[in-house]
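*Asks:* Top line first, the protein sequences correspond to chains A and B.
Per this note's numbering, residue 2 is the first one in the first sequence, and the count goes up by one each step.
Per this note's numbering, residue 310 is the first one in the second sequence, and the count goes up by one each step.
These are calculated hints, taken from the structure and not from any lab test.
Keep in mind that a hint or two might mislead.
Using 27 Å as the maximum straight-line C-alpha spacing, the simulated DSSO-like pairs for lysine-lysine come out as follows [claimed, not checked]:
| no. | chain 1 | residue 1 | chain 2 | residue 2 |
| --- | --- | --- | --- | --- |
| 1 | B | 319 | A | 165 |
| 2 | A | 119 | A | 176 |
| 3 | A | 109 | B | 318 |
So, partial list: chain B residues that the calculated Cβ filter (under 8 Å) puts toward chain A [as the list claims (entries may be wrong)]:
| no. | residue |
| --- | --- |
| 4 | 321 |
| 5 | 322 |
| 6 | 331 |
| 7 | 333 |
| 8 | 339 |
| 9 | 341 |
| 10 | 348 |
| 11 | 349 |
| 12 | 352 |
| 13 | 371 |
| 14 | 406 |
If you only want the chain B side, here are some residues facing chain A, beta carbon under 8 Å, derived [unchecked claim]:
| no. | residue |
| --- | --- |
| 15 | 336 |
| 16 | 343 |
| 17 | 344 |
| 18 | 355 |
The beta-carbon is built from N, C-alpha and C at its ideal position, and this holds for glycine as well.
The lines below spell out each chain.
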Amino acid sequence: MNDNSDETLLEMLNDPKRKDEAFRLLLGKYGSRLYWHIRRIVVGHDDAEDVMQETSINIYRHIGKFKGDSSLLTWIYRIATNESIRWLQRQTAVFSSIDSLGATLEQKLTAECDVDSKQIEVAFQKALLTLPTQQRIAFNMRYYDELSYEDIASVTGKNVGTLKTNYHFAVEKIKNYLKENAI
Amino acid sequence: MKDFDLTSKKMPFGESEQYVSLLIEKCADRAIATNRNRVKDTLARRIYISVCSVAAASIVAFSLMPVMDSQESVLDARYANALPIDAMLESLSDEEAAALFTYTIDEIPEY
């Protein structure tokens, strides 16, 4: 059922009688990617569930406003990213930046890691948490989700050149972190 | 990504694909239900606001009616006590009427 094209899904989503069915198909198609995108940003299991829920509600509520200026995937990624950042901001102390949450997120990461997970996987995630949040999000979308720089630019509102430079810096930082921690 | 492939892209978390699928179904159900409730709430709120507006307008209208009545009564009473202009003109003699007609501002006596 998930072989529906975005065009077909949009057509169904704009039909009140088929909207619910189309929405389920949409989440069936992109839900897993969205969940992991959110999880990589907020790290915590319960937090990711809450943000995923809010994201789903917002997608359903605002799908009628989607004008097709970008792809459907980048549009829902933008909602998920915004909801995740909003969640991080709610966890941040007054007058602090969300970048100050690194240590808190690392604690969650350590607590929630699977016992069977490899040391390199955990260290890699810890290295990611040393990056500024916006850089980390852009890196995730490029590295894990394999989105094009143009799509990432559409999600984040940054220009492609900046994203390429940020990605390069992120790679260097991660390599250095892994080297310093002898992994 | 050829320049950077230090690790597999596997996340160090234990959630299975089945868990994620169930979560997505749950999110879809809740999003649809939340929106239905929101539509109902919006409709109920609009009806409530309309009813309240009509009630408030009725209260204001009824409360103003006695005031308007009393104002009309005051005006009636004032004109009832005043000398009607027709009666005053009829009481004038021809000379007085002519004097009134030819009256100019220069004829105001100095005090």
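*Asks:* Hint numbers the structure violates, sorted upward?
*Replies:* When the structure is compared with the hints, numbers 6, 10, 11, 12, 13, 14 and 18 turn out to be violated.
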